[in-house]
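J.: So you can see what is in the structure, the chains are spelled out below.
Protein chains: 2
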Amino acid sequence: MEGDPKLRLRVFDLNCWAIRYLSKRRQERIRLIGDRLCREGFDLVLLQEVWSERDYSDLKAKLGACCPFSHYFRSGVIGSGLCIFSKFPILDTLLYQYSLNGYPYMLQHGDWFCGKSVGLAVVKISGIVFNVYVTHLHAEYCREKDAYLPHRVVQAWELLQFIRHTSQAADVVLLGGDLNMHPQDVGIRLLRCWTGLQDAFTETKHFEGCEDGCTLVPNNRFTVKSELQPFPLGIRIDYILYKAGSGFTVKCEELQTTTGTAPGADIPYSDHEAVMATLHVQRTGQAAGVTPGTAVPALVEVLSEARTEVRVGLLAARRQRYSSGRMALLALLLLLLQAAAALGALAGLADGQPFPKLSFALLAFLALGVLLLATGLHLFHTIEVKMLQGTEEQMRMALEVLQERPGRS
Amino acid sequence: MEGDPKLRLRVFDLNCWAIRYLSKRRQERIRLIGDRLCREGFDLVLLQEVWSERDYSDLKAKLGACCPFSHYFRSGVIGSGLCIFSKFPILDTLLYQYSLNGYPYMLQHGDWFCGKSVGLAVVKISGIVFNVYVTHLHAEYCREKDAYLPHRVVQAWELLQFIRHTSQAADVVLLGGDLNMHPQDVGIRLLRCWTGLQDAFTETKHFEGCEDGCTLVPNNRFTVKSELQPFPLGIRIDYILYKAGSGFTVKCEELQTTTGTAPGADIPYSDHEAVMATLHVQRTGQAAGVTPGTAVPALVEVLSEARTEVRVGLLAARRQRYSSGRMALLALLLLLLQAAAALGALAGLADGQPFPKLSFALLAFLALGVLLLATGLHLFHTIEVKMLQGTEEQMRMALEVLQERPGRS
Chain W
1 MEGDPKLRLR VFDLNCWAIR YLSKRRQERI RLIGDRLCRE GFDLVLLQEV WSERDYSDLK
61 AKLGACCPFS HYFRSGVIGS GLCIFSKFPI LDTLLYQYSL NGYPYMLQHG DWFCGKSVGL
121 AVVKISGIVF NVYVTHLHAE YCREKDAYLP HRVVQAWELL QFIRHTSQAA DVVLLGGDLN
181 MHPQDVGIRL LRCWTGLQDA FTETKHFEGC EDGCTLVPNN RFTVKSELQP FPLGIRIDYI
241 LYKAGSGFTV KCEELQTTTG TAPGADIPYS DHEAVMATLH VQRTGQAAGV TPGTAVPALV
301 EVLSEARTEV RVGLLAARRQ RYSSGRMALL ALLLLLLQAA AALGALAGLA DGQPFPKLSF
361 ALLAFLALGV LLLATGLHLF HTIEVKMLQG TEEQMRMALE VLQERPGRS
Chain X
1001 MEGDPKLRLR VFDLNCWAIR YLSKRRQERI RLIGDRLCRE GFDLVLLQEV WSERDYSDLK
1061 AKLGACCPFS HYFRSGVIGS GLCIFSKFPI LDTLLYQYSL NGYPYMLQHG DWFCGKSVGL
1121 AVVKISGIVF NVYVTHLHAE YCREKDAYLP HRVVQAWELL QFIRHTSQAA DVVLLGGDLN
1181 MHPQDVGIRL LRCWTGLQDA FTETKHFEGC EDGCTLVPNN RFTVKSELQP FPLGIRIDYI
1241 LYKAGSGFTV KCEELQTTTG TAPGADIPYS DHEAVMATLH VQRTGQAAGV TPGTAVPALV
1301 EVLSEARTEV RVGLLAARRQ RYSSGRMALL ALLLLLLQAA AALGALAGLA DGQPFPKLSF
1361 ALLAFLALGV LLLATGLHLF HTIEVKMLQG TEEQMRMALE VLQERPGRS
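Protein sequences appear in the order of chains W and X. Under the working numbering, the residue at position 345 of the first sequence is numbered 345, and the numbers go up by one with no gaps. To convert, take the position in the second sequence, counting from 1, and add 1000; that gives the working numbering.
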């Protein structure tokens, strides 16, 4: 098998920012994205934030000739936003929804409603099995005081566990998506360390595009400039990562990002820049894996750091569970008091009407509303505590297993 | 490697029915279960419905000597109820929560709150990698008119997909749990056909226990006799299933179920009977898989049947989404009308007070309550529709892939 011709694979990844009614000039941009994909003939196209099934169908119709195989991953109230187009048959798919994904009451952020997930598509190209993953993690709204960091770390952990457990029969693993993490953030170091995935940007022979490979840049007219103020060049949060299985090598020959506006238009494709990689895949004929394993101390270090973040989240979640529970209890007490007063009045114990009826009804209404809301919150934070505890426990177990293993460093 | 000594493995599986405040004589039964496990020294113990972490901790303390390794799978408001005890180190775990699991408003059934899931624990015994799965699917409350059948079929599909994708590096696959399906039900046929899992009860050389291997029997004092009326012998819904990977064979030497009361007590261990299997695992040294693949026509047939059930569920979910949406709209209209009337009264358009204030406030309160409830229901059924659609789509794709494959029959 040695000396097999190289397989050249072109991969496209983009967070399309296609939120119905909210994203600017959405349909026009979806058309532009479709045009580019048709023109360039990518082998694999990984898209995020395609929230409307109509947009997906439009793209599917347009890409029928160049990427006839596709899958739209459904989850949550408005979907996962994830989809994949492929020049080669998709043999199988699986969706894993992250157990934590923000808060339903943070309506202005809305991540909770999206059912953030990782989608897996198994694609066979020239006899080589590709496990292609596409994902989108919880957004970072404020880097200085990032309330969602523990949730994103849990998502990174679940992502890496999902990849590790499902990719064992794959010849090549590919992951594309908006990870909402800077290259040095704990979540991405955890993901890369524990899966052995390589970053196409740091590995590529040729790079062309935004400086430092940034994918959210101030020059893009749709980005929020104030959010990018601390980063004059922009930030790199969209990735194409890859890993060769036993008996294969993968090399990134070229990596590009989009820049400026789409050809023939006055707007860019999205508020994110697309990442486009040209990979060369080759059989080596050697049975042993070619990706060197990460040294145990490095694995331990990054996992301990991630575990600390999960613990911080656990403390916060416990506090919120406690305060919502207390609020529910107080509302229940108020309701009981009112019920007692009303019964007393009915039984003629009180001489006159203690309260005007309207205020009394409104107060009961308010107390009932608070009771329902606080109970809902309490249940929600109970789930949050459980999932954070579960992850913390899994991380502890992984550390134990690691520390019993002879070091490879 | 040929001629390696057989590995003898004793596996215990039980739905413990340990619901705090609800299950009768729970703590006493947990003690009895712990005693039996200590006495018999099983290698792997798979438990379901251990809802209280306190019960898990008690068992963990008791089994410290014979099964020092354990994991409790956390999910949902009150947990997944799943846990595993092992004589051998657990190297890794992963939890997959089913995307559909009943309805939150079916409080009397309560499955929704449990976060029904499948847990995976990777255990290495004498150099053999075991992927051990434990699960509990949605209960069947009324066999004649089973409203949860589509959800259970989706769960069976997700279970088999999860097993297929995560077990590729395993030498032996073991699944234990309360599947809430009779042996001939579509979900279990789907699961077995598509994974190649074998049923310990039908494969065993020696069987001892309840007639027909039933695990929910009328003789058990905790079972609901009216539910079992159509089945005088009881039903078999708890299983130990297994599959050998390439280069291995697994045989079930003996299968037992518990019967009657626990030794020295006047009660059984649970409302379910425990299933106990003695498996013999041996390396064959042959690289090829030993489990014959299911013929394509059989795979197509059972998948088509399952897909029909999912479609039936999809129709029902769409109807419910529509009617809850309509109800929300009506409540909104009523609220708007009231607001208009109130504004009219304030602006002095009406001569007198059109309604007594109290009734007016109560009506608004009612409308708001209905609006919130119906909106919540609408969102819930929207998710349900999405997940059923997603499964239906995956099944369609699997059928297409199958039909393009040359038949193996």
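Derived from the structure by calculation, the hints contain no laboratory data. Only a predicted model underlies this, so the values are computations on that prediction, with no experimental measurement involved. Honestly, I wouldn't trust all of these hints.
Once the Cα atoms are required to be at most 20 Å apart in a straight line, the calculated SDA-like pairs of lysine to any residue come out as [unchecked claim]:
1) X:Lys1357 / W:Glu404
2) X:Lys1062 / X:Asp1035
3) X:Lys1357 / W:Lys124
4) X:Lys1087 / W:Glu404
5) W:Lys124 / X:Asp1035
6) X:Lys1225 / X:Ala1169
Taking CB as the label site, the calculated pair distances span [unchecked claim]:
7) W:Arg8 / X:Gly1041: 52 to 60 Å
8) W:Gly348 / X:Gly1344: 53 to 61 Å
9) W:Val77 / X:Gln1229: 50 to 58 Å
For glycine and all other residues, C-beta sits at the position ideal for the given N, C-alpha and C.
J.: With reference to the structure, classify each hint as holding or not holding.
T.: Taking the hints in turn, this is what the structure says about them:
1. X:Lys1357 / W:Glu404: Not satisfied, since the Cα-Cα distance of roughly 72 Å exceeds 20 Å.
2. X:Lys1062 / X:Asp1035: The hint holds at about 8 Å.
3. X:Lys1357 / W:Lys124: violated (70 Å)
4. X:Lys1087 / W:Glu404: With a Cα-Cα distance of about 17 Å, the restraint between X:Lys1087 and W:Glu404 holds, given a limit of 20 Å.
5. W:Lys124 / X:Asp1035: violated (51 Å)
6. X:Lys1225 / X:Ala1169: Given that 20 Å is the threshold and the Cα spacing comes to 44 Å, the pair is violated.
7. W:Arg8 / X:Gly1041: 52 to 60 Å: holds (57 Å)
8. W:Gly348 / X:Gly1344: 53 to 61 Å: Given a distance of about 38 Å, which is not inside 53 to 61 Å, the answer is violated.
9. W:Val77 / X:Gln1229: 50 to 58 Å: Once the Cβ atoms are compared, 41 Å apart, the range 50 to 58 Å for X:Gln1229 and W:Val77 is violated.
Going through the hint list in order, the structure does not satisfy hints 1, 3, 5, 6, 8, 9.
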